[in-house]
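Asker: I would like the entire structure built from these sequences, with the hints used as guidance.
Chains A and B, in that order, are what the protein sequence lines are.
The numbering of the first sequence is our numbering, which starts it at 1 and goes up by one.
The numbering of the second sequence is our numbering, which starts it at 1 and goes up by one.
Any given hint might turn out to be false.
What the hints assert, rightly or not - Have a look at the derived ranges for each label pair, beta carbon to beta carbon: (1) B/5 / A/112: 35 to 43 Å; (2) A/121 / B/29: 23 to 31 Å; (3) B/4 / A/17: 37 to 45 Å; (4) A/10 / B/37: 20 to 28 Å.
Note that these hints are calculated values from the structure, not bench results.
Don't be surprised by glycine CBs; every beta carbon is placed ideally from N, CA and C.
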Amino acid sequence: MTFTTGDILPTRAFSIDRAMLKAYADASGDQNPIHQDEAFAKSVGLPNVIAHGMLTMALGGTYLAELFGGPGKIRKFGVRFTKPVVVADGEPAKVEFSGTVTSIESGIASIELTARHSEQKVLGMAKAEIVIDEPVEK
Amino acid sequence: MIDPTIVGKRITSTKPFIVDQSAIMRFCQAIGERDDRFAPPTFSFTFIISAFEESLKGAGIDWSRMVHGDQRFEIREPIKAGDILTLSSTVESVRSAAGNELVSVRADIEREGKEIIQAWSTLVVRG
Numbered sequence: 001m002t003f004t005t006g007d008i009l010p011t012r013a014f015s016i017d018r019a020m021l022k023a024y025a026d027a028s029g030d031q032n033p034i035h036q037d038e039a040f041a042k043s044v045g046l047p048n049v050i051a052h053g054m055l056t057m058a059l060g061g062t063y064l065a066e067l068f069g070g071p072g073k074i075r076k077f078g079v080r081f082t083k084p085v086v087v088a089d090g091e092p093a094k095v096e097f098s099g100t101v102t103s104i105e106s107g108i109a110s111i112e113l114t115a116r117h118s119e120q121k122v123l124g125m126a127k128a129e130i131v132i133d134e135p136v137e138k
Numbered sequence: 001m002i003d004p005t006i007v008g009k010r011i012t013s014t015k016p017f018i019v020d021q022s023a024i025m026r027f028c029q030a031i032g033e034r035d036d037r038f039a040p041p042t043f044s045f046t047f048i049i050s051a052f053e054e055s056l057k058g059a060g061i062d063w064s065r066m067v068h069g070d071q072r073f074e075i076r077e078p079i080k081a082g083d084i085l086t087l088s089s090t091v092e093s094v095r096s097a098a099g100n101e102l103v104s105v106r107a108d109i110e111r112e113g114k115e116i117i118q119a120w121s122t123l124v125v126r127g
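Answerer: This is the structure we're talking about:
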């Protein structure tokens, strides 16, 4: 796949369920109960369990890696966590990623990433720089 | 209030640690990443966060009110299995905004003496 400045990247939706939160907690070591324990989450004023912000960011990385030849191509990646992604039991939350190629220079594509959940942006100022001039190794 | 004298505090991991393929695979599986030749770009946060907690110890932070405000990575070379890494953590700033307290921390990750990743986090203590 080749890219040009101004390209709109294809949209991809990820489904975040409680099992994914448990798997991310175990893989990342972040066992904060607001991401797994509904009673605890509600006791600290949240509507329900919320996804780890770093999980949402990581899914953005997965989205970009698939389009650009693997996770090893990403050179810069930054986000603001603007809204929590609420994950009720038995109701997976859908997060939809899209993006725009804002420039291509010296073999680096600059991307503006959008992540939406329930019509709201859950990541702000989400930007990445990705190497595109190296052949994809198989 | 966060103790402002922690700004500039830097700690370095006392011993290097080795990146395990199984840790990369487990992380990839959790985030739907099928390509595990390299660690995903956010993988390093799994060990950075404990260095940040160490740096901020004794600064009067209420961790139960802490949320992650923003996160940024610069990756010169991605992490891969078998890498032997050292990690330093530096407190860059402490400030107040909109009734919250914000602390910015930076992590520097080296592999065999070469810096491969820098990561910046803003942690927000809700007022």
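Asker: Hints first: check each against the structure and report whether it holds.
Answerer: Now the hints, each set against the structure:
| no. | hint | result |
| --- | --- | --- |
| 1 | B/5 / A/112: 35 to 43 Å | holds (38 Å) |
| 2 | A/121 / B/29: 23 to 31 Å | holds (27 Å) |
| 3 | B/4 / A/17: 37 to 45 Å | holds (42 Å) |
| 4 | A/10 / B/37: 20 to 28 Å | holds (23 Å) |
Of the numbered hints stated above, none is contradicted by the structure.
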